[in-house]
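Visitor: Residues per chain are reported as follows:
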Amino acid sequence: MQNTAFREKEGAMNKRVHLIFAMILVFVLANVALSQESILIRNGRIVPVVGEVIPNGSLLIQSGKIARIGTDIETPPETIVIDAGGKSVYPGLVAVMTAIGVTGYPGSGNDVNELGVITPQIDPFDAINPEDSTIEVTRIDGVTTVMTTSGSMNIINGKAVVLNLYGNIAEEMVIKRDMAQIFNMGAKGQVTFGPKRPGNYPTTLPGITALIRDQLNQALLYAEKIEVREREEDKSERKAEYAPFKRDLALEALVPVVNGRMPAVFITSNEVTIRNALQIIKEYQLKGILYASADILKFADELAAKKIPVIWAGTTTIPEKWQPYDINYHTAAVLSEKGVLFCFDILGFGVNSHRVRNIPVPASISVAHGLSEDDAVRALTINPAKILGVDNLVGSLEVGKLANVVLWDHTPIQLSSRVLKVIINGNVVPMTSVQTRLRDKFEKIVNERMNKK
Amino acid sequence: MKKRFVFLLAAAVFVSANVMSQDLALKGGTVLTITQGVIPNGTVLIQNGKIAAFGEDITIPPGVRVIDCKGKFIMPGIIDSHTHIALSSGDINEMTDPVTPQVWMKEALYPEDHKILTTLAGGVTTVKTMHGSANVIGGVNVTIKLKTNVLPEEMIVKGVRQQLKLALGENPKRFYGQEKGKMPFTRMGTAYVMRQAFIQAQEYKAQWDEYEKKKKAGEKDLKPPTKDLKMETLKMALEKKLTVDCHTYRADEIVWLINFCKEFGLDLMQLSHCVDGYKVADIMAEAGVSFGGWVDWWGFKEEAYDGCPYGFKIMYDAGVNIVINSDSADEGRYLFRNAAKVLKYNDIPEEEVLKMITLNPARSLELENRIGSIEVGKDGDIAVFEKHPLDSTTKCLMTIIEGKIYFDYAKHSVQREGGSYE
Numbered sequence: 001m002q003n004t005a006f007r008e009k010e011g012a013m014n015k016r017v018h019l020i021f022a023m024i025l026v027f028v029l030a031n032v033a034l035s036q037e038s039i040l041i042r043n044g045r046i047v048p049v050v051g052e053v054i055p056n057g058s059l060l061i062q063s064g065k066i067a068r069i070g071t072d073i074e075t076p077p078e079t080i081v082i083d084a085g086g087k088s089v090y091p092g093l094v095a096v097m098t099a100i101g102v103t104g105y106p107g108s109g110n111d112v113n114e115l116g117v118i119t120p121q122i123d124p125f126d127a128i129n130p131e132d133s134t135i136e137v138t139r140i141d142g143v144t145t146v147m148t149t150s151g152s153m154n155i156i157n158g159k160a161v162v163l164n165l166y167g168n169i170a171e172e173m174v175i176k177r178d179m180a181q182i183f184n185m186g187a188k189g190q191v192t193f194g195p196k197r198p199g200n201y202p203t204t205l206p207g208i209t210a211l212i213r214d215q216l217n218q219a220l221l222y223a224e225k226i227e228v229r230e231r232e233e234d235k236s237e238r239k240a241e242y243a244p245f246k247r248d249l250a251l252e253a254l255v256p257v258v259n260g261r262m263p264a265v266f267i268t269s270n271e272v273t274i275r276n277a278l279q280i281i282k283e284y285q286l287k288g289i290l291y292a293s294a295d296i297l298k299f300a301d302e303l304a305a306k307k308i309p310v311i312w313a314g315t316t317t318i319p320e321k322w323q324p325y326d327i328n329y330h331t332a333a334v335l336s337e338k339g340v341l342f343c344f345d346i347l348g349f350g351v352n353s354h355r356v357r358n359i360p361v362p363a364s365i366s367v368a369h370g371l372s373e374d375d376a377v378r379a380l381t382i383n384p385a386k387i388l389g390v391d392n393l394v395g396s397l398e399v400g401k402l403a404n405v406v407l408w409d410h411t412p413i414q415l416s417s418r419v420l421k422v423i424i425n426g427n428v429v430p431m432t433s434v435q436t437r438l439r440d441k442f443e444k445i446v447n448e449r450m451n452k453k
Numbered sequence: 454m455k456k457r458f459v460f461l462l463a464a465a466v467f468v469s470a471n472v473m474s475q476d477l478a479l480k481g482g483t484v485l486t487i488t489q490g491v492i493p494n495g496t497v498l499i500q501n502g503k504i505a506a507f508g509e510d511i512t513i514p515p516g517v518r519v520i521d522c523k524g525k526f527i528m529p530g531i532i533d534s535h536t537h538i539a540l541s542s543g544d545i546n547e548m549t550d551p552v553t554p555q556v557w558m559k560e561a562l563y564p565e566d567h568k569i570l571t572t573l574a575g576g577v578t579t580v581k582t583m584h585g586s587a588n589v590i591g592g593v594n595v596t597i598k599l600k601t602n603v604l605p606e607e608m609i610v611k612g613v614r615q616q617l618k619l620a621l622g623e624n625p626k627r628f629y630g631q632e633k634g635k636m637p638f639t640r641m642g643t644a645y646v647m648r649q650a651f652i653q654a655q656e657y658k659a660q661w662d663e664y665e666k667k668k669k670a671g672e673k674d675l676k677p678p679t680k681d682l683k684m685e686t687l688k689m690a691l692e693k694k695l696t697v698d699c700h701t702y703r704a705d706e707i708v709w710l711i712n713f714c715k716e717f718g719l720d721l722m723q724l725s726h727c728v729d730g731y732k733v734a735d736i737m738a739e740a741g742v743s744f745g746g747w748v749d750w751w752g753f754k755e756e757a758y759d760g761c762p763y764g765f766k767i768m769y770d771a772g773v774n775i776v777i778n779s780d781s782a783d784e785g786r787y788l789f790r791n792a793a794k795v796l797k798y799n800d801i802p803e804e805e806v807l808k809m810i811t812l813n814p815a816r817s818l819e820l821e822n823r824i825g826s827i828e829v830g831k832d833g834d835i836a837v838f839e840k841h842p843l844d845s846t847t848k849c850l851m852t853i854i855e856g857k858i859y860f861d862y863a864k865h866s867v868q869r870e871g872g873s874y875e
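Chains X and R supply the protein sequences, listed in that same order. Heads up: the first sequence runs through residues 1 to 453, numbered per the numbering used here. Heads up: the second sequence runs through residues 454 to 875, numbered per the numbering used here.
Just to be clear, a hint being listed does not mean it is correct.
Unchecked claim - Footprint (simulated), chain R over chain X, 3 or more residues, beta carbon under 8 Å:
1. 307-318
2. 354-368
3. 408-417
4. 438-446
Don't read these hints as lab results, they were simulated from the structure. In this text the structure is predicted, and so the values were computed from the model without any measurement. Every residue gets a Cβ at the ideal spot worked out from N, C-alpha and C, and that includes glycine.
This is chain X alone, in the form it adopts within the complex (with noise of 0.2 Å):
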């Protein structure tokens, strides 16, 4: 399970990330689930999303990694040979801002969603359960990589780590930890939903803008501690007002969004939120990605010119009354052919995560209103893969990426499509979920009922 590539890659990192932050990564990528077994797939239609479409190619997995993509591979010995049938080999499905992994156990209650207004040290990491049933029900639909969030409805919410959906211990499912903050422009709910707390501050949309825009300084103010207090030779009076540090968790999950290390999400819900996060993007020169529900072709040029991704779940909001039926079912078409890196999501966040494996929802109602198919299948792969940082392991069938590839019986964009085969980190998965074993037990139980009669 060791995987020396990730270390040199790491060792080649900029030496001003922080220590503690480094560890991490070689933590995180050192315990990654790869399969040791050699696989090929043959007679498939690779669709390796960026590239052209083999017609009738094959595809090596060695050590978990794709390790040759072509028409005419020869099996190397001791391989697990899998004739695709001519079916399509695509890249496993990227899907961003669920809770896979937080969700709990039937009745007790998810890990979604912690108490409070401002809680940017909330990590899910602290709380994925390898054995969420959303993990097998999700993978065995095409879906083989996730962000999962602390939740969404504080003002500041925790971070956020990206999972490959494969592994019997969360560190082995790990590909990216401390992937971003999430920030809610618009969360006055936690407020008026949740535990009541009337009169709380901030109850209106500028309240939440100047509540981030504090926290963000007083970030600012602790990097700039920790950093004078670092400085071995600094003997000024600076060092001496800074000496007596307490540490504050909170501040410190968010100094690498303040030094633009860590992305930041903000999650908007019209126009007004929209513009709120880009003018805090700008002042504090984040790296931000915008969360969209609505209205953001106003913003369509802005966020092509300055490179703001856009996470789009708004395909399946409904339209305000005074809007066209369809604009939001238009709304990716217009993004792609503006150039605004973007990816699907559905809206829902933490329960709703059980519907995670519907992403191809927004994608097909898309195509039906412009976007073309391969721009929608990127939307799905290699768009959140780059949104997420992590397009140099997943996202697309490119030799030396992580082997998360499935066959479909037809494209991802056919809600009709089957998936055929599922492979994570090089892993074949076994087509089970708690739903699969539900059909098989209730088949036969009520099959003998009737035979009774």
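Since the structure of chain X is provided, determine the placement of chain R on it from the hints.
Guide: Leaving out everything else, chain R in the frame of chain X:
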């Protein structure tokens, strides 16, 4: 004076005929009749709001508006037998008492709801819009056609039994037991509340039957029993003037409810959500009750944990009338895509899957003789699709109700001429 009256009457008839229906010929498309196969190059003729003819060689009478459907797919209007659209917001759940059969959803119909148009744009022509599931006995649902710019009364489908909403499981427990500290706190409490209400209704009905009998026999000085609107509605259900749709998830509740309805002589038409339906598919088929639920929703609460998209095949093989519902203003816009998902998880023929959003919901609404397929004499309710409705990259181009075009892509899309997405 009399002459003038006759003239006005004639004018009224003429005007209403023009407003209500339009003679249309949908020409040269692939006609998915649902009950009589597929006609590759077919035409559907609608006259006076009804389907007058369909087939390959249809003579189009003069004066009929012809719509070219070359390359398009023509199917009966889609039917959603569980939604909450077209109701004014805040008027869906009368959450003040676990037993509220006295409320009628037709009194919350709100023609200005823009979700009527967004749903129409998904090829949907008929919906049953429902009371919520907070109460053990909720209100009376209303089946409507998605006509825009009409009065509420004109939307309601007449001449058919409307359905009373019942609810079991977690929702009544949560809204009353947990939130209000009031019965039901448990499923046993829910069973008691429902049974108590219907026993009371039986007694009420007996009093009124006795009174009516004596009155008919000519007895003098009779004092009528007190009118109670809750009991009046339940009496209608006992008399089979109303049918029943019950919100259920778990298999044990499904069986319990089927037995309960037998005991009280209630006509149970649909089990809504019915997430565990596949576990008792044979029992549902024998009871003749429709499954009305989602294809793949699961796990969003404890009682939904065993949702299973593969269960459709078990129900299909057992002979259950399977109906795909949205219970969502969003998904109600693309029930045809949800139908395509049935094919993903189950080996069921395409034509049978299409029935799950057309003829099968029509059956669960007792409207199978009026809507749900393209047959001569049925309502002229049609959806025209760009590609086959089970192709997930298709879209609806036109929705017609009783011969009138209520949705037209060319007119409503953001991509129409002069349209703007900014």
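Visitor: Could you run down the list of hints and mark each one as holding or not?
Guide: Here's how the hints hold up against the structure:
Beta-carbon proximity to chain R at under 8 Å applies to 3 residues in the region 307-318 of chain X; the threshold of 3 is reached and the given coverage holds. With a threshold of 8 Å between beta carbons, the proposed coverage of the region 354-368 of chain X by chain R holds, since 10 of its residues qualify and at least three are required. For the region 408-417 of chain X, the assignment as covered by chain R holds, since 5 residues bring a beta-carbon within under 8 Å of that chain's beta-carbons and 3 suffice. Only residues whose C-beta sits within less than 8 Å of a C-beta in chain R count toward coverage, and the region 438-446 of chain X has 6 of them, enough to reach three; the restraint holds.
No hint from the list above goes unmet by this structure.
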